[in-house]
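Given chain A's structure and the hints, the job is docking chain B onto it.
Going line by line, the protein sequences match chains A and B. When we follow the numbering used here, the leftmost residue of the first sequence carries the number 1, and every step to the right adds one. When we follow the numbering used here, the leftmost residue of the second sequence carries the number 1, and every step to the right adds one.
By construction, these hints were calculated from the structure, which means they are not laboratory data. Please read these numbers as outputs of a predicted model, since none were measured by experiment. Beta carbons are placed, not taken as given, at the ideal position from N, Cα and C, and that holds for glycine. Mixed in with the good hints there might be a few duds.
To be verified - Listed next, the stretches of chain A that the computed footprint assigns to chain B, with coverage defined by at least 3 CB atoms under 8 angstroms from CB atoms of chain B: (1) 14 to 24; (2) 110 to 119.
What the hints assert, rightly or not - Some chain B residues near chain A, calculated using beta-carbon distances under 7 angstroms: (3) V337; (4) I340; (5) H341; (6) S344; (7) Q345; (8) L347; (9) S348; (10) T349; (11) A351; (12) I352; (13) E353.
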Amino acid sequence: MNESAPPALIYVVDDDHDLSCSLTRMLIRTGYRAEPFVDPAQLLAAYDAGPAACVLTDVMMGEMDGFTFAERLRVIDPAAALIFMTAWPTTANAVDAIRRYGGVDYLEKPVDLDRLLAAVEESVAWSTHRRRQLMRTARLSPRERDVFRLLIKGLSSKAIAAELNVSPKTVEDHRAQISAKTETSGLAQLISLGEPAGF
Amino acid sequence: MISFFASREQWKLPQSTRRPIPLMQLLPVGLMYGACFVALHHVAARWAMGGFYSLWFPAAGFRFAFLWRAGVRALPIAAIAELLLELATGETALGRHPLFSIAGIIGPCLVYGAAIYLVRSLAGRRTPMLRLEPLPFALAAVVGPVAACVAALPWALPSASVAGAIDVRTLVAALVVFVLGDMLGVLILAPPLIWLADRATGCSPWRVALPRLPILVEVAAVAGAAWGWVWVMNWAGLGLSLVPVLLATCWIGLRTGRPGAWAAIVLTAAILLPTTAQATDVDHRLALHMMLACIAAVGYLSGSFAEADANHIAEIARRDRLLYQAERLKTLRAMSVAVIHEISQPLSTIAIEANHLAIESMAPLPNLSELAATAQLIARKAQDMATMVRRLRGFGGSGADTPTPISIALLLTDLAAIAEPEANAARVALNFVSGSDAVVRGQDIELRQALLNLLRNAIAASPPLGNVEIDHFIVGQRAHIAVENNIDRMISRRPGMGLGLIIARSIAEAHGGAITEHKPSPTRIRFVLDLPIAGGSHE
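If we strip away everything but chain A, and leave its shape as in the complex, we get (with noise of 0.2 angstroms):
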């Protein structure tokens, strides 16, 4: 980890109350900052005031289930890792967690203490490469937007020109500027922050 840096910040989401606790304790003592939840429904409502690394959450829950859950934080925060816990794992609910939920991994319950806290590093590093790739992109203005999307759609300046209406002279002043805020030099790069940002 990082010295320089605060420790990540882990959200533990799981309706037995010991559980999540003891968890938030295991992180504490692993070196991370951790919180434990007992209803998904709260860390929603407080999840604007501490945006975390990692929520590791369990699958069955009361009111709102895992994935429910998931879905309704990657609106929020989609620079947020997820890790799942399942006491009843099935190969459908493995699948959707990790393809269609976007989670770093699935575990099933009683937890791997070793494999939860590889998946945990794992997310830390994912979600902090993926909010560095989001705050670049978010320095482009709406006219810069326009063009870093076309560009990475494999556009030439003049196609890009033409597409806009405006002279290939513009382009190539958006494109420099580009390439200045995020920090790239190269299609390649561009096109590598163009999908976690939603381009």
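Coordinates of chain B only, in the frame set by chain A:
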């Protein structure tokens, strides 16, 4: 009603009917069949009356039994054996029209084979009941002789013609006697032959279940009354009418199945055939013998129908048991999901905390208060799991099938855990309203099943985001548990709901209770399970 039935297995078709006769056995089997057939034909000639065939033609019964047991594959052997041995022994001569004579010998055999094949393959296409054993045998036994008679008409014509003119009276009489002789021969001889063959070849056990004494007394009384009335009418000079015997035989068949029907048929034939053989009035004799054939056909059909019906009922009962077991498995599966979920939670906590304890206790300066708190948490979780295991032990133990006192409140708490995931999946809220607790006596797992079925139905019938309310209360000496929900008109009935309710009702009735349906409002439905209280009510 029926008690004299052999088991299903006793009457099923023997495996040999599906196997062709081995090549090496063709000759001995054909010779033996032909010899028996000719011998029976010869015996029947002793009481032959004019025309072509005798009144009781046992050779037809032997032929039918052989074809039924050996299958249609044996048909060519039977036909050739009959032809060769009949001609060789001089039992039948070729006469003026050799081709007609040959057709006359092998024709009935081929028609019998075709009738057996068609009945076996076609019976039950429209009416599945006809497919049930032993109805196909009875149908074939009645259809075979009639079909053989119809088929015999073309080659019977030349024999009946005298100097170019056909004597219609002689022809019809001969054909009627043919049908009567064959039908009586088949219905009297074929069933015991097949019965013996099944036992001799080990297809069925020799043990025979006798009917219960009251039924024996009843059928004996019915037969006695019928024959008594026949005698009274005859004595009074009103002639010999067998209609009461027809009714009695039908009754005996329905009450005792085929064995009773067969005995009644044999008795009737044994009384009637010898007493009427010498009668000179051919018309009267034919009428009586037609009645005898009717008695045999109706009696055997009714006996077979009663057995098929009993087999049908047994089959339905077997399927009900399978469905019941499938439902029970579904409950057990839902329970195992709940149990695994419940056990995984404390186990996860224990694993994490024990790991922490191991690491912390090795530290040079362990935080003692934290160690104590962790140990206490582990102990508490272990205690929770022990309580859960004690409760679960009740299901699998030897006492699982004996009635035990069950707390309604505790039952509903457990049920909530089982049904919650299903309700969540259907986006339906379960609202358990606590009421005064009561203890009932019964089988825990079955009551759970009954309540779970009611809950499942309520969840399935609820609209999305609907709620199911479960409350319990005491009325007099009975505990009531009510499951109430909104009805979604679009999905008010789903497959399986009816079965769930039937099972729940049968469980409730087995516990001395009942399930009633109420409609508190047009959009809500309420099922109430009430059970007798065992240990009295307590708050």
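Checklist entry - When the nearest CB of chain A is found for B/H341, is that gap smaller than 7 angstroms? => result holds, 4 angstroms
Next on the checklist: Quick check on the hint: B/A351 CB to chain A CB, less than 7 angstroms?
Outcome noted: Check passed: Cβ of B/A351 comes within 5 angstroms of chain A, closer than 7 angstroms.
Checklist entry - Regarding the hint that B/S344 lies at the interface with chain A, is the smallest CB-CB distance below 7 angstroms? => result OK, holds: B/S344 within 7 angstroms of chain A, min 4 angstroms.
Item to check | Restraint satisfaction for B/I340 [CB to CB of chain A, less than 7 angstroms] | outcome: holds, 6 angstroms
Item to check | Evaluation of the interface hint that places B/E353 against chain A, nearest CB under 7 angstroms | outcome: holds, 6 angstroms
Checklist entry - How about the stretch 14 to 24 of chain A: do at least three of its residues have a C-beta closer than 8 angstroms to a C-beta of chain B? => result holds (count 6)
Next on the checklist: How does the stretch 110 to 119 of chain A fare against chain B when you require at least three residues with a CB closer than 8 angstroms, holds or violated?
Outcome noted: Result for this restraint: holds, n = 3.
Checklist entry - Can we keep the B/S348 interface hint, with Cβ of chain A closer than 7 angstroms? => result holds, 4 angstroms
Checklist entry - Any CB of chain A closer than 7 angstroms to the CB of B/Q345? => result Because about 4 angstroms separates B/Q345 from the closest Cβ in chain A, which is inside the 7 angstroms limit, the hint holds.
Checklist entry - Is the interface hint for B/I352 satisfied, with its Cβ closer than 7 angstroms to some Cβ of chain A? => result This interface hint holds because 4 angstroms falls under the 7 angstroms limit.
Next on the checklist: Hint validation: B/L347 versus chain A, beta carbon distance must be below 7 angstroms. Holds or violated?
Outcome noted: With a minimum Cβ separation of about 4 angstroms from chain A (threshold 7 angstroms), the hint on B/L347 holds.
Next on the checklist: Would the hint on B/T349 be counted as holding, given a Cβ-Cβ threshold of 7 angstroms to chain A?
Outcome noted: Check passed: Cβ of B/T349 comes within 5 angstroms of chain A, closer than 7 angstroms.
The structure meets every hint from the earlier list without exception.
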